[in-house]
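**Q** Each chain, written out:
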Amino acid sequence: MKEAKQMSVSAIQNGTVIDHVPARNLFKVIQILGLDRIDNQITFGTNLESKKLGLKAIIKISGVFFEDEDINRIALVAPDAKLNIIKDYEVVEKKVVEVPDYIVGIAKCMNPKCITNFESVTTRFKVVSKKNVSLKCHYCEKITNQENLQII
Amino acid sequence: MKNRSLVSIDDFSTEEILRILDLAEEFEKEPTQKLLEGKVIATLFFEPSTRTRLSFESAINRLGGKIVGFSDASNSSVSKGETLNDTILTVNNYCDLIVMRHPIEGSARYASEIASVPVINAGDGANQHPTQTLLDLYSIRKTQGTLDNLNIFMVGDLKYGRTVHSLMMAMSRWNTTFNFISPEELKMPDEFKLYLDNLGLKYYEHNDFTDIISKADIIYMTRVQKERFSDPIEYEKVKNVYVLRNSMLKNTKPNMRILHPLPRVNEIHQDVDSNPKAYYFEQALNGVYTRQAIVCSLLGIK
Chain A
0 MKEAKQMSVS AIQNGTVIDH VPARNLFKVI QILGLDRIDN QITFGTNLES
50 KKLGLKAIIK ISGVFFEDED INRIALVAPD AKLNIIKDYE VVEKKVVEVP
100 DYIVGIAKCM NPKCITNFES VTTRFKVVSK KNVSLKCHYC EKITNQENLQ
150 II
Chain B
0 MKNRSLVSID DFSTEEILRI LDLAEEFEKE PTQKLLEGKV IATLFFEPST
50 RTRLSFESAI NRLGGKIVGF SDASNSSVSK GETLNDTILT VNNYCDLIVM
100 RHPIEGSARY ASEIASVPVI NAGDGANQHP TQTLLDLYSI RKTQGTLDNL
150 NIFMVGDLKY GRTVHSLMMA MSRWNTTFNF ISPEELKMPD EFKLYLDNLG
200 LKYYEHNDFT DIISKADIIY MTRVQKERFS DPIEYEKVKN VYVLRNSMLK
250 NTKPNMRILH PLPRVNEIHQ DVDSNPKAYY FEQALNGVYT RQAIVCSLLG
300 IK
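Going down the list, the sequences are from chains A and B. Per numbering that gives the first Met the number 0, the first sequence starts with residue 0, numbered consecutively. Per numbering that gives the first Met the number 0, the second sequence starts with residue 0, numbered consecutively.
If we strip away everything but chain A, and leave its shape as in the complex, we get:
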């Protein structure tokens, strides 16, 4: 029996599709990109089956095209994310995310004695390893590694 083919999330005319977001981090991606504060049409689906990720999420943002440095900010929570840039219902460009050299204001320093955990200081890290993400705090100079990474 042939299953009815239906798209889980409807297509957009112009904008950006972010695919292969780990389902558990969907709302973090939304938060990091500030999608909860814009007026554009956004549709998303989550807990969709993915061979690669188990459960994935997909976000379609109408009328928004991201700069690379903005989109790379999601690399910590969605390292395998793939972007499709849509113009007139066609995919005109595909992009992958890359861990940036510096991370500002996304991650929490794991050192409980760091100033960023005492006062309202925007966290800043130098990325010392991109593969197994490892961040060096600009303030206390301690390393926060992947296992201890917390998104603010």
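Hint data in this document are derived by calculation from the structure and do not stem from the laboratory. You may find that some hints are simply not true.
Stated by the list, open to error - Derived coverage of chain A by chain B (criterion: at least 3 residues anywhere in the stretch with Cβ under 8 angstroms from a Cβ of chain B; other residues may be distant): (1) 129 to 136; (2) 140 to 146.
Said to hold, decoys possible - Every beta carbon over 12 angstroms from chain B, so not counted as near; a handful from chain A, in silico: (3) Gly33; (4) Glu66; (5) Glu89; (6) Tyr101.
Just so you know, even glycine gets a beta-carbon here, dropped at the ideal spot from N, CA and C.
The hints should help you fit chain B onto chain A, whose structure is shown.
**A** Same frame as chain A, now just chain B:
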């Protein structure tokens, strides 16, 4: 270096470090001058550190500068709940430079970003204490005549010892060979060994003073603190292993000198003090000249 802050030893290039050391040499020849007349320097000690504070204040006083500040957070508005942000923004109206000691790591970097005047980090928790490192470098260069190709022994608590980490990182600029002598529980952390590996520098690890002590140019002693051990029996076992005694110095090189950031408790036996190779009290005096050089550099006076 005018208007720069000194938060971490890595903030200064090798040339800048050597410039500070040269300047400190000038101050050693003439420690009392009127260079800081009319300048007000704030010493903000959010945790007590009598030794460091007195060294800074002596350095500033000998150059005719005036000091405002506090020696303990309980005497300041911090005890009323003021944020560091507000303390710095207020104090920087009153002074030309801030010297700050604070128990929270990264506080000095943060203060240097808020303040409109230079900030000198006089210790931020377990993180950095760059003026100690500079005075250590000064003492090493003065006693050895060079910083190049030396063999440095670091002894005691190499795991938590902030001064040994900073000194090791700084000395790695001059092709140093390191010997690390510590109990198993207080070994040099892997991240620092990896740093030396990447630079291709040689280092050796030992659990006690072996006959290799005769190779040392500098022995840098630190305190092994009881509270660092998870098992008190382990402490009892090792506490006497890391004590330096005069009898151990027989076969050491003539140029060898013993350094210690102080305060000492029992890790250097008092019978070492009269040995001409004991250098820790002169090292503390060098701290005054080095701090004079740092303050004057950052104020653009020298």
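**Q** None of the hints should be skipped; say for each whether it holds.
**A** Do the hints match the structure? See the list:
no. : hint       : verdict
1   : 129 to 136 : violated (count 1)
2   : 140 to 146 : holds (count 3)
3   : Gly33      : holds (25 angstroms)
4   : Glu66      : holds (26 angstroms)
5   : Glu89      : holds (47 angstroms)
6   : Tyr101     : holds (15 angstroms)
When each numbered hint is compared with the structure, a violation occurs for hint 1 only.
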